[in-house]
Amino acid sequence: MAASDKVQELHVYEMNERDRGSPAYLRLSQKPVNSLGDIVPFSNKIYRGDMEKRIGITAGMCILIEHKPELKGDRYEAIFSFYFGDYGHIAVQGPYLTYQDSYLAITGGSGIFEGVSGQVKLHQIVFPFKLFYTFYLKGIGELPEELLCKPVDPHPAVEAVPAAKACEPHAAIANFTN
Amino acid sequence: MASTTTSLKPIPSINLPSQSHRALASNFSYSKPFPFHGLNLSSVTETSSFTSSRSSNPFTTTAFFFNKFKQEAAPHTPKPAKVQELHVYEMNERDRSSPAVLKLSQKPVNSLGDLVPFTNKLYSGDLQKRVGITAGLCVLIQHVPEKKGDRYEAIYSFYFGDYGHLSVQGPYLTYEDTYLAVTGGSGIFEGAYGQVKLHQIVFPMKLYYTFYLKGIGDLPTELLGKPVPPSPAVEPSAAAKATEPHGSIPNFTN
Chain A
1 MAASDKVQEL HVYEMNERDR GSPAYLRLSQ KPVNSLGDIV PFSNKIYRGD
51 MEKRIGITAG MCILIEHKPE LKGDRYEAIF SFYFGDYGHI AVQGPYLTYQ
101 DSYLAITGGS GIFEGVSGQV KLHQIVFPFK LFYTFYLKGI GELPEELLCK
151 PVDPHPAVEA VPAAKACEPH AAIANFTN
Chain B
1 MASTTTSLKP IPSINLPSQS HRALASNFSY SKPFPFHGLN LSSVTETSSF
51 TSSRSSNPFT TTAFFFNKFK QEAAPHTPKP AKVQELHVYE MNERDRSSPA
101 VLKLSQKPVN SLGDLVPFTN KLYSGDLQKR VGITAGLCVL IQHVPEKKGD
151 RYEAIYSFYF GDYGHLSVQG PYLTYEDTYL AVTGGSGIFE GAYGQVKLHQ
201 IVFPMKLYYT FYLKGIGDLP TELLGKPVPP SPAVEPSAAA KATEPHGSIP
251 NFTN
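In order, the protein sequence lines correspond to chains A and B.
Counting from 1, one number per residue, gives the positions in the first sequence under the UniProt record's numbering.
Counting from 1, one number per residue, gives the positions in the second sequence under the UniProt record's numbering.
Everything labelled a hint here was simulated from the structure, so no lab data went into it.
In this text the structure is predicted, and so the values were computed from the model without any measurement.
Be careful, since some hints might not be right.
Keeping only pairs whose Cα atoms sit at most 27 Å apart, straight-line, the calculated DSS-like set for lysine-lysine is [stated by the list, open to error]:
no. : chain 1 : residue 1 : chain 2 : residue 2
1   : A       : Lys165    : B       : Lys148
2   : A       : Lys165    : B       : Lys147
3   : B       : Lys241    : B       : Lys226
4   : B       : Lys197    : B       : Lys147
5   : B       : Lys241    : A       : Lys31
6   : A       : Lys130    : A       : Lys165
7   : A       : Lys31     : B       : Lys103
8   : B       : Lys107    : B       : Lys197
9   : B       : Lys241    : B       : Lys82
Among the chain B residues that face chain A by a calculated CB cut under 8 Å, a handful are [stated by the list, open to error]:
no. : residue
10  : Ala181
11  : Val182
12  : Thr183
13  : Ser186
14  : Ile188
Positions of the beta carbon are idealized from the N, C-alpha and C atoms, including for glycine.
The shape of chain A in the complex, shown without the other chains (with noise of 0.2 Å):
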């Protein structure tokens, strides 16, 4: 079977522990209320679905470019790579709505995921410091195993298992990016 016509499921958590100087949100509007021209430059931990493993980083950003007040939050346009360590990076684009979940397109990726294409979605568990993700993958190869998992599934109070966080060698892929 091609590798290119598969579709291939990858679940991500996205968790901001505080600790890397992240979200730097630059009010370059000048304004009050979150307003266009506000630009959000954003790193946070990423782990592996089921939690049992740190995977790497996000890095990218954020622009602001509509408040909603009747749903009580924003309209952001999201520029960002997925980091994988030695494994490569996915890069992705798109809507980022602090009051609901949305597709962002995924633009491509490099090691074992260059060539790639298709979305992932983005489930904000708890605002902005626990985001869930479903990639939805098309053209490359089949995902190493370590990747793979059953996710645990999204909540409140969903932690990494204190290995991952701790980074041990057995709870965390090879090199992963930090």
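The hints should help you fit chain B onto chain A, whose structure is shown.
Just chain B, lined up with the frame of chain A:
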């Protein structure tokens, strides 16, 4: 076989394209001359290599059926995509006011919040022709003290004059080589995908890139000269620097 691929759920309320545009040609006209409505869908999927995400797609059963009658059918096992290598040099000649280091973090060390828009000149890999410019943004992610350098998330394009452009996204580490994703392109690069290797020769003035491009037609020979191996003293030819007609591509981006 990984369990996730066999437990694929249909993706709710999203219009996924039924085929990756790269994987298959799709020139069928569904005139349906043959009575395939009696075809049992499950038997089709058992005898073919379609994934479960395709089992409800009438397009694929039609393709399977037509194959039996030796029609020109889109193959469901496409040939591996051709990879073309493209080499370019990015040079900061300090005449484009670049980079613009925006210390928006307001911290003395490089910190998340700092943004670095930039634009440099681009030369063909053989350093004989000026092709255009790079243009985009580096987002400082973190300072890496043990490597005496920084991690950026870079989002930018390479402009090749009348030929079009390539867009990339990925890591720029000031202390080591990286691979960025090729996210797309225009002109002759329309539909491009793949990755590009960034090799820094002299921080931040000279960089050498090797693109591994898929999804496009044959690159013009003008861009495929034998690349000069990267070294700290490399310089474009005098004609290229001066953008003389024979030292540049038509309407090189400036």
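Okay, the hints, checked on the actual structure:
1. A:Lys165 x B:Lys148: With Cα atoms ~26 Å apart, lysine 165 (chain A) and lysine 148 (chain B) stay inside 27 Å; holds.
2. A:Lys165 x B:Lys147: 23 Å, holds
3. B:Lys241 x B:Lys226: Holds, at roughly 18 Å.
4. B:Lys197 x B:Lys147: With Cα atoms ~20 Å apart, lysine 197 (chain B) and lysine 147 (chain B) stay inside 27 Å; holds.
5. B:Lys241 x A:Lys31: 45 Å, violated
6. A:Lys130 x A:Lys165: 14 Å, holds
7. A:Lys31 x B:Lys103: 20 Å, holds
8. B:Lys107 x B:Lys197: This hinted pair is violated, its Cα atoms lying about 31 Å apart.
9. B:Lys241 x B:Lys82: Measuring from Cα to Cα gives roughly 33 Å; hence the hint is violated.
10. Ala181: Nearest chain A Cβ about 3 Å off; hint holds.
11. Val182: Because about 6 Å separates valine 182 (chain B) from the closest Cβ in chain A, which is inside the 8 Å limit, the hint holds.
12. Thr183: Since the shortest Cβ distance to chain A is 4 Å, the answer is holds.
13. Ser186: With a minimum Cβ separation of about 15 Å from chain A (threshold 8 Å), the hint on serine 186 (chain B) is violated.
14. Ile188: 18 Å, violated
Hint compliance for this structure: hints 5, 8, 9, 13, 14 are not met, and every other hint is.
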